[in-house]
Amino acid sequence: MRKYSGIPELLEQFMREQGADKRWVTVKELRDRFGLTRYQCNTVSGFLRRLEFGTFGRYPFTVLRIERVDGEGPAAPPKCRYFITRKDLPAKGTLDMRDHARVLLQRSIYSE
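Numbering (the working numbering), first residue to last: 60 to 171.
Since the hints were derived computationally from the structure, they do not count as laboratory data.
Do not rely on the hints blindly, as some may be mistaken.
As the list claims (entries may be wrong) - Okay, derived cross-link-like pairs now, DSS-like style, lysine-lysine, Cα gap no bigger than 27 Å in a straight line:
#	residue 1	residue 2
1	K138	K87
2	K87	K146
3	K81	K146
4	K81	K138
Said to hold, decoys possible - Distance ranges between label pairs, derived from CB positions:
#	residue 1	residue 2	range
5	A134	Q72	29 to 39 Å
6	I125	D91	11 to 21 Å
7	E71	A134	17 to 27 Å
8	F142	Q72	32 to 42 Å
9	G132	C100	17 to 27 Å
10	R145	G65	26 to 36 Å
11	Q77	I125	10 to 20 Å
12	E68	P133	30 to 40 Å
13	D80	G132	30 to 40 Å
14	A134	D80	13 to 23 Å
15	E126	K146	18 to 28 Å
16	G113	A134	29 to 39 Å
17	S64	D129	11 to 21 Å
18	P133	E71	35 to 45 Å
Predicted, not measured: the structure shown is a model, and the values here were computed from it.
Ideal Cβ placement from N, Cα and C applies to all residues, glycine included.
Take the sequences, apply the hints, and build the full model.
Quick look at the structure:
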């Protein structure tokens, strides 16, 4: 995470301040909140995109979805918003790892 020095901590702080374990976030929200430069915003965007495809070991958040949003006005480029969630929250309708292990154990006990 050397490449993203300080960015993971800012995202954690932002999520804590919002009191949310999952929510849509834009880079503009982070830029406005923390007074980031344009260069830092590119780094934030890269970090969020990386969280979608490969999480960092113990980092508590992941990006489940990225959506393109039209810019504000005809000349403005499209932007992205990122759906960020805590890793330890199971997706609705799915088993978390403990439940999955429990199901596998029960299957092995009953198949003997």
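Query - Range hint compliance [Cβ, I125 to D91, 11 to 21 Å] - result: 20 Å, holds
Query raised in the report: Can the suggested window of 35 to 45 Å be confirmed for the beta-carbon pair P133 and E71?
Result: The hinted range 35 to 45 Å holds for P133 and E71, with Cβ atoms some 36 Å apart.
Query - Status of the given 17 to 27 Å range, CB of A134 versus CB of E71 - result: Distance hint for E71, A134 is violated at roughly 35 Å.
Query raised in the report: Should the hint that G113 and A134 are 29 to 39 Å apart at their CB atoms be regarded as holding?
Result: 35 Å, holds
**Report entry** Straight-line alpha-carbon gap K81 to K146, limit 27 Å
**Finding:** 10 Å, holds
Requested in this report: With a cut-off of 27 Å on the C-alpha distance, tell me whether K81 and K138 pass.
Outcome: With Cα atoms ~20 Å apart, K81 and K138 stay inside 27 Å; holds.
Query raised in the report: Has the hinted range 10 to 20 Å been met by the Cβ atoms of Q77 and I125?
Result: This hint holds: roughly 19 Å between Cβ atoms.
**Report entry** Distance restraint between K138 and K87, which requires alpha-carbon spacing of 27 Å or less
**Finding:** 9 Å, holds
Query raised in the report: Do the alpha carbons of K87 and K146 lie within 27 Å of each other, as the hint requires?
Result: At roughly 23 Å apart (the allowed maximum being 27 Å), K146 and K87 satisfy the hint.
Requested in this report: Could you check the hint for me, namely that R145 and G65 are 26 to 36 Å apart, CB to CB?
Outcome: Violated: the Cβ-Cβ distance is about 20 Å, outside 26 to 36 Å.
Query raised in the report: Does the Cβ pair D80, G132 satisfy 30 to 40 Å?
Result: 33 Å, holds
Report task. Check the following: the C-beta atoms of S64 and D129 are separated by a distance inside 11 to 21 Å. Result -> 32 Å, violated
Hint compliance for this structure: hints 7, 8, 10, 14 and 17 are broken, all remaining hints hold.
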